[in-house]
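First to last, the sequence lines map onto chains Y and Z.
Residue 117 in the numbering used here sits at position 117 of the first sequence, and the numbers go up by one each step.
So the mapping is simple: the numbering used here equals the position in the second sequence, first residue as 1, plus 117.
Hints are computed from structural coordinates only; laboratory data are not their basis.
This structure is a prediction, so every number in the text was calculated from the model and none was measured.
Treat each hint with caution, since some may be false.
Claimed, not checked - Derived DSS-like pairs (lysine-lysine); straight-line CA-CA distance at most 27 Å: (1) Lys-222/Z - Lys-44/Y; (2) Lys-190/Z - Lys-44/Y; (3) Lys-222/Z - Lys-190/Z; (4) Lys-62/Y - Lys-222/Z; (5) Lys-172/Z - Lys-187/Z; (6) Lys-195/Z - Lys-44/Y; (7) Lys-187/Z - Lys-44/Y.
Unchecked claim - Which chain Y residues face chain Z? A few, computed with CB under 7 Å, are given here: (8) Leu-43; (9) Phe-45; (10) Phe-65; (11) Gly-85; (12) Ala-89; (13) Pro-110; (14) Gly-111.
As the list claims (entries may be wrong) - Computed far set for chain Z versus chain Y, every beta-carbon distance over 12 Å: (15) Thr-177; (16) Glu-178; (17) Ser-197; (18) Leu-229.
Using N, Cα and C, we set each Cβ at its ideal position, and we do this for glycine too.
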Amino acid sequence: NAGVMQNPRHLVRRRGQEARLRCSPMKGHSHVYWYRQLPEEGLKFMVYLQKENIIDESGMPKERFSAEFPKEGPSILRIQQVVRGDSAAYFCASSPLLGQGLPYEQYFGPGTRLTVT
Amino acid sequence: AQTVTQSQPEMSVQEAETVTLSCTYDTSENNYYLFWYKQPPSRQMILVIRQEAYKQQNATENRFSVNFQKAAKSFSLKISDSQLGDTAMYFCAFQNRDDKIIFGKGTRLHILP
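The task is simple: from the sequences and hints, build the whole structure.
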């Protein structure tokens with residue numbers, strides 16, 4: 001059972017370009033989370049998605065950032081018109097269908113390191 | 118709002134020694150998970166240990182153990198017989214039914230030969 005996959009692992013964009021980050025959850029997992037790690041910081045929650053639904057986007061910047069998790073294919077985190085401050089590592093995590101009570105464990109991908117020049 | 122605080126930005130210990138990393142958190146929830154994650158230079162997030170808040174017994178995983186003090190909202194990680202491969206950033210983290218994980222800022226741990 002392959003783990004969470006993210007691609008690309010490294011992405012370089014010039015200011016003003018678009019960045020698309022992909023995340024394929026573990027097989028059987030229907031929940032995806034995106035986190036951002038700025039240099040010398042911990043990970044910060046951005047968005048939580050189920051298939052075709054955004055459940056919680058409270059951590060997403062209001063502009064330029066969007067996320068989707070279509071019925072087929074990977075989850076995409078899209079950053080339009082990137083700026084230098086977007087340079088960070090972006091991690092995706094997935095978890096299986098949630099039950100009642102306590103949350104399920106999240107499994108992290110290897111991350112995508114975005115560099116904006 | 119829930120917060121996680123790691124008060125030690127950086128620590129160094131000799132190989133084979135025991136080291137304890139501190140973590141405190143703030144929440145009004147009663148049921149939640151606490152974690153320690155290791156992030157080596159590869160930047161992969163590796164789960165070291167997990168504690169369910171409703172369990173009084175402290176979790177252990179081989180050389181790694183925690184001291185969970187629920188009333189004090191404290192969750193420290195003890196690494197025994199430290200090894201060079203333990204050199205990494207260590208993040209304390211909290212998760213409740215909202216599912217998002219809240220991370221501390223991390224402690225950079227150096228194991229010295």
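Results for each hint:
Using a Cα cut-off of 27 Å, the hinted pair Lys-222/Z and Lys-44/Y holds, with the two alpha carbons roughly 10 Å apart. Taking the CA atoms of Lys-190/Z and Lys-44/Y, the gap is about 21 Å. The hint holds against a cut of 27 Å. Between Lys-222/Z and Lys-190/Z the alpha-carbon distance is near 17 Å, which keeps this suggested pair within the 27 Å criterion. For the suggested pair Lys-62/Y and Lys-222/Z, the alpha carbons sit about 24 Å apart, so the restraint of at most 27 Å is met.
Distance hint between Lys-172/Z and Lys-187/Z is fulfilled; the C-alpha atoms sit about 10 Å from each other, no more than 27 Å. Note on Lys-195/Z and Lys-44/Y: the hinted pairing holds, with a Cα-Cα distance of about 25 Å set against a maximum of 27 Å. Between Lys-187/Z and Lys-44/Y, the direct Cα distance comes to roughly 24 Å. Compliance with the 27 Å bound is thereby established for this hinted pair. Restraint check, Leu-43/Y versus chain Z: the minimum CB separation of about 5 Å is within 7 Å; hint holds.
Of the supplied interface hints, the one on Phe-45/Y holds, with its beta-carbon coming within about 4 Å of a beta-carbon of chain Z, less than 7 Å. Hint status for Phe-65/Y: violated, given a least beta-carbon distance of 16 Å to chain Z, over 7 Å. Below 7 Å, beta-carbon pairs count as interface contacts, and Gly-85/Y has none with chain Z, the closest being about 18 Å; its hint is therefore violated. At its closest, the beta carbon of Ala-89/Y sits 6 Å from a beta carbon of chain Z; the interface hint therefore holds under the 7 Å criterion.
Because the smallest distance between the Cβ of Pro-110/Y and any Cβ of chain Z comes to about 5 Å, under 7 Å, the interface hint for this residue holds. Annotation: interface hint on Gly-111/Y holds; nearest CB of chain Z at approximately 5 Å, less than 7 Å. The Cβ of Thr-177/Z lies farther than 12 Å from every Cβ of chain Y, with a closest approach of about 18 Å, so its non-interface assignment holds. Here Glu-178/Z stays apart from chain Y, with its beta-carbon at least about 14 Å from theirs, past the 12 Å limit.
For Ser-197/Z, the condition that its CB be more than 12 Å from all CB atoms of chain Y holds, with the nearest at approximately 24 Å. With a closest Cβ-Cβ approach of about 21 Å to chain Y, Leu-229/Z is found to remain outside the 12 Å limit, as its non-interface label requires.
Consistency with the previously given hints fails for numbers 10 and 11, ordered from lowest to highest.
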